[in-house]
Structure formats: structure tokens, C-alpha cells
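Visitor: Residue numbers (the working numbering), protein chains in the order written: chain A, 1 to 391; chain B, 1 to 229.
None of these hints come from the bench; they were simulated from the model. Only a predicted model underlies this, so the values are computations on that prediction, with no experimental measurement involved. Glycine is no exception: its CB is placed at the ideal position from the N, C-alpha and C atoms. Take every hint as true, because none was put in to throw you off.
Short derived list, chain B residues pointing at chain A, Cβ under 10 Å:
(1) Gly57
(2) Thr80
(3) Arg86
(4) His115
(5) Arg117
Listed below are the simulated BS3-like cross-link pairs for lysine-lysine, each with C-alpha atoms no more than 30 Å apart in a straight line:
(6) Lys109(A) - Lys181(A)
(7) Lys190(B) - Lys208(B)
(8) Lys208(B) - Lys37(B)
(9) Lys23(B) - Lys381(A)
(10) Lys22(B) - Lys381(A)
(11) Lys181(A) - Lys207(A)
Chain A residues, not near chain B, derived (Cβ > 10 Å throughout):
(12) Leu5
(13) Tyr58
(14) Asn73
(15) Thr74
(16) Met86
(17) Arg232
(18) Tyr288
(19) Leu339
(20) Arg380
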Amino acid sequence: MTAFLEKLLGRVPIGWLQLSHNRVRLIAAVAGVAFANLLVLMQLGFFGALVGSVRFPYDQFNADILISASDMNTLTDGSPLPRQRMFEALAVPGVAGATPLYFAKLDWKQPDGTIRQLDVFGVDPAARAFRNPEINGRLADLSMSDIALLDRKTRNVSKALFASIDAGTPYTFETKGRTLKVIGTFGVGGGFSADGELVVSDQTFFKLFANRMAGAPNLILIRLEPGAVPARVLAELRAILPDYDSAVRTVEEAIWRDQRFQTTQRPVGIVFGFGVIIGILVGLIIVYQVLSTDVADHMREYATFKAIGYPQRFFMSIIFEEAFILAILGFIPGFVISLILYAIVTKAISLPLAMTAARAFGVLAGTIVMCSISGAIATRKLARANPADLF
Amino acid sequence: MDAPAPIITRGLCHWFGEGEAKKQALFDIDLEIEAGKLTVLVGASGSGKTTLLTLIGCLRRVQAGSVTLLGTELAGASETMLIASRRRLGFIFQAHNLHDSLTAMQNVRMGLDVHGRAAAENWQAAARHLLTLLGLEERLEYLPGNLSGGQKQRVAIARALVGNPDIVFADEPTAALDKDSAMNAVDLLKRLGRERGTTTLMVTHDSKILDRADRIITMDDGRITGDSR
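Working from the sequences, and respecting the hints, build out all of it.
Guide: Printed below as a string of C-alpha cells:
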């Protein structure tokens with residue numbers, strides 16, 4: 001390490017030698033930086049999972065364009081819109097097909113009395129509303145009353161239950177005064193708003209939710225003809241549908257709006273943003289403490305070097321050398337531990353925490369910047385090293 | 001002696017403190033110190049000899065009067081000029097002031113690195129040579145924490161001399177040294193004076209060094225009161 005830094009810096013790596021001379025301080029500093037890194041990476045992991053999980057249901061839709069009520073912010077809010085809009089949309093050239101989708105939330109009571117919240121999608125079994133072959137393969141069965149398909153990635157439910165359903169033993173449960181029979185499963189996974197998903201036919205949906213009507217779906221899924229230009233169809237749809245009750249968006253656009261709303265308007269997004277800021281502050285303060293104590297401890301040596309004729313930038317380079325070393329040494333354990341925690345969290349709460357290269361490099365770069373800022377503040381103490389006091 | 005003296009002061013005065021507490025430490029010091037000689041400053045503590053040393057050594061700013069160091073006027077000089085001037089000097093302090101995370105060799109190298117990469121290219125040979133001259137050939141890779149007080153002081157002397165300074169400033173450099181090492185160090189300084197023209201200005205009370213000095217300047221209350229060669 002010393003020889004490597006000596007080559008790199010073209011001088012004695014004083015910063016490294018100072019840091020490694022005082023092992024206890026080095027370990028404390030590295031632990032501090034690692035902790036800050038861990039905090040930031042975990043917060044970003046949750047944040048990324050929130051943003052990522054928003055996509056899951058959208059990705060299931062067999063659609064190119066979504067028509068929703070104009071007041072919709074996320075998939076699960078907003079008013080229903082008139083089904084009439086679907087027929088109007090079907091008249092637009094380039095539209096191959098359209099199907100309504102009904103959405104609601106349902107409490108699924110567990111044998112132990114706790115509740116899993118499910119996002120329920122009601123679809124026309126004759127239309128292909130989803131891409132998922134696990135759902136499409138069972139559409140014929142769904143057309144019978146009170147039949148459902150359940151998300152096997154639903155949080156905090158025994159895996160054995162889904163295994164037995166898949167093995168051919170239907171599972172029944174009571175809800176809303178009816179008995180639902182789950183005859184199959186599919187894998188999507190709940191996000192932050194629900195534990196899992198349930199798919200039923202539109203007729204079953206209306207029986208479960210008596211106040212919902214066939215004439216008022218939540219979404220209209222539009223499929224385009226092969227070769228149709230999406231932008232042109234989009235423009236056409238927007239022109240003919242009244243914007244006081246309908247909003248026309250591509251699926252990607254709808255996802256992007258949903259993600260933006262959840263991360264900027266909902267507390268959950270803001271909380272994680274704060275977590276990141278707190279992590280950065282913790283790191284800044286710890287590194288500043290270590291570097292400024294280190295400067296204070298070496299006042300005499302620095303004053304001597306000043307007397308010998310070293311300029312200010314030499315001392316700056318020592319402190320930045322230390323800051324850089326702390327950043328790298330702290331990042332490595334912080335990164336490794338967060339990878340382990342990502343895996344644990346993903347397993348425990350079925351939220352997909354995934355480390356991306358962009359996040360890893362971003363946090364590493366941010367750590368180096370953070371340590372450098374701390375170092376820059378610590379260099380202010382250098383002015384006190386006065387070589388005239390040495391005599 | 002045609003070349004100008006490396007150190008010339010004219011009417012040098014210095015004050016410490018502000019306002020009511022302002023106190024004059026040096027009064028009209030006129031001094032010329034010849035090249036290649038060992039000049040010793042003596043005087044009671046508080047007589048101003050250290051103040052004089054730090055002014056000539058570019059460690060304090062000149063307030064009144066003039067100091068010409070190696071042909072450069074220090075009065076009104078910029079910080080950059082003062083730093084550049086310091087690189088032509090060697091400092092030996094009463095305390096060794098070694099960096100305790102650096103080995104003896106690395107500490108000596110610090111005296112060479114300041115002159116840039118080219119000068120430090122053969123630092124190992126230069127540092128080893130000087131440390132050997134000072135009797136530390138067996139302690140090259142030791143950290144200061146593992147050296148005795150005298151050994152540390154000898155490393156500090158090597159650090160001051162490795163850059164081939166034109167002038168060496170020393171403040172009680174032999175306080176931590178035993179008699180033999182002290183004489184060894186003084187002989188080394190005198191030899192550098194003869195061979196390279198290195199000028200040494202030293203504050204000391206060590207009578208054995210006074211015997212070997214080329215010139216002894218006595219100070220009292222901020223004034224020069226004696227000058228014997």
C-alpha cells in the first residue's frame with residue numbers, strides 16, 4: 001500500500017502513514033464512513049425498490065396505451081371513467097383492440113386473523129388483458145363465478161399454500177360475504193401499496209364490489225395494430241377523448257408519472273430522501289472529526305514542514321490523500337454489508353432491492369466528494385501551524 | 001571577501017503584542033554574517049536571539065528595518081517568496097520535531113522532497129549517506145518512537161542538511177545529544193562550512209561549542225552587546 005501510494009503521489013504517502021500509524025482512529029474512521037455508506041445504500045435500495053415495484057402491475061398489462069381517468073396519479077387511485085371512451089377509442093385507426101380493467105383493494109384475512117391487502121384486477125376473460133401466460137392459460141376457468149388467481153409472491157404467506165394450489169388443490173377463502181376459490185397462481189409481487197395481487201373476471205369483480213358497475217372501469221387497455229405509429233394514435237385519441245374525464249398515455253409514460261408521484265408526493269419517497277441526507281451528514285461529520293483531530297495532532301510536524309519550505313498545497317494534498325483513503329476503505333465494507341442486507345431484505349419482505357452499477361459508482365463518487373468536503377473544512381485548522389512557534 | 005555576506009541586517013527592530021501591551025524585542029540590529037562560518041548567538045532567555053533567528057529564517061515577517069538573506073530583501077516579501085527562501089535554509093530545532101509516522105529515512109527525505117521530484121530522485125543514497133555520517137546506519141528504517149532522544153535529534157540534523165542548505169539555523173541543537181554526538185554534529189557543520197561554504201547561525205549555551213565557534217555574538221535586552229571572533 002505504502003509503495004503503491006508512493007508511486008502514485010511521487011512523495012512519501014504521509015496521509016496514509018499518519019492514518020495507519022494510529023490504528024484505532026483508522027478503524028473508527030473507516031467504520032464511520034462504512035456506516036454512512038450503508039445508510040445511504042439502504043435508503044437508495046428501498047427507494048429503488050419503491051420506484052421499481054411501481055412497474056410490476058403495469059408490466060403485466062397486454063397494452064400499448066392506457067386510458068385512465070384524468071385525475072389518476074397512481075394505478076390504484078383516481079375515479080373510474082365511462083366505458084363509452086373504449087368504444088370511441090376503438091374507432092381510431094391503428095387501434096387493434098381495447099378492454100376495460102376494473103381495480104379495487106381487498107382484505108384477505110389469514111387464519112391467524114391478520115390481513116393481507118390485495119390489489120384486485122377484474123378483467124374480461126374473453127380478452128387478453130395480461131401478458132402473463134400463467135394468467136392467460138387459466139382465463140377460461142376464470143369465467144366461472146367466484147374463481148380467482150392469486151399472486152404467489154404475496155408477502156408473508158406460507159409458500160406451502162401456493163405449492164398446494166399449483167399442485168391442484170384449490171384454496172377457498174371468504175371475503176365480502178362471498179367465497180372465493182383460488183384455482184391457480186402467478187408471480188408478480190406486491191409493492192409498497194399492497195402485499196400481492198388477485199385476478200378475477202369482471203363478473204366476479206362486480207359481485208365482490210357491489211357498488212362498481214361495468215360501465216365505469218378504472219383503466220382502458222389499448223393494443224395497437226402492428227405497424228401503427230404510437231405517437232399518431234396517441235395524438236388521435238387525445239383529440240377525440242374529452243380531457244375532463246380521460247387521460248391518454250403510453251404505458252411507459254403512465255409508469256413514469258406514477259413513479260414521480262410516489263417519490264415526490266408520498267411520504268414514503270420523501271422519507272427515503274431524508275434518510276440519504278442523514279447518511280451523508282453522518283459521514284461528513286465523522287470524517288471531519290477524524291481529519292481535524294488528525295491535523296491538530298500533527299500541528300508541530302506541519303509547522304516543521306512549513307519551516308522547511310513546503311507550500312500550503314502540500315498540506316492540502318496530505319489531507320485530501322487521507323480523505324480519499326478513508327472514502328475507499330469505508331466504501332468497501334459499506335458496500336459489501338449492504339449487498340448482504342439487500343439479499344436479506346429481499347427475502348424477508350419480498351421487495352426487490354437490487355444493487356445497480358450506477359448506484360454503486362454514484363455512492364462511491366459521492367463518498368469521495370463527501371470526504372473531500374470534510375477534508376477541505378479540516379484544512380482551515382492548518383493556518384494555526386506557525387513555524388515561528390517552534391523555536 | 002568580495003561576495004556579499006549571506007546575512008545582512010540593517011536597523012532591524014521587532015515588536016510583540018498590540019496597543020498598551022506592545023513591547024519592543026529587537027532594537028536596531030545591524031549585523032553581517034560571513035559565509036562558511038559557524039556563528040553562535042548567546043544571551044539570557046528573552047534577550048531576543050530567537051526572535052532574530054526567526055526573522056532571518058523567514059519564519060516571521062520583518063516589521064521595521066531590513067534583512068537581506070542570500071541577496072533577497074525579506075522586508076515586504078510575499079509569502080511565496082518567503083517559502084521559496086526557506087527552501088535554501090536548514091532548520092535544526094531544540095525539539096527534534098520528527099514526524100512519528102515516518103521512518104528515519106522518510107523523515108530525512110522530507111528535507112529533499114521540498115526541492116521537487118528531480119532533486120529527490122536519489123533521495124535514498126543521500127539520506128543513507130547523511131544518517132551514516134551521523135552514526136545511524138543501523139537505524140535507517142526505525143520509526144522515531146523506537147529511537148532514543150539523541151538519535152532522533154541526529155535524524156533531525158540529517159533532515160536539515162540533506163537539501164544542501166546555504167544557511168543552517170540551529171536552536172540549542174545539542175541539548176539532547178551526548179558529548180561525542182554533539183561534537184560530531186558540530187564538526188560536520190564546520191566541515192560543510194569549509195567544503196561547501198555552508199553558513200551556520202546557532203543559538204547555544206554549550207561551552208564546548210563556544211570553543212569551536214568562529215564568532216560569538218552576545219545579545220542582551222534586544223541589543224547586540226558583544227561580538228568576538
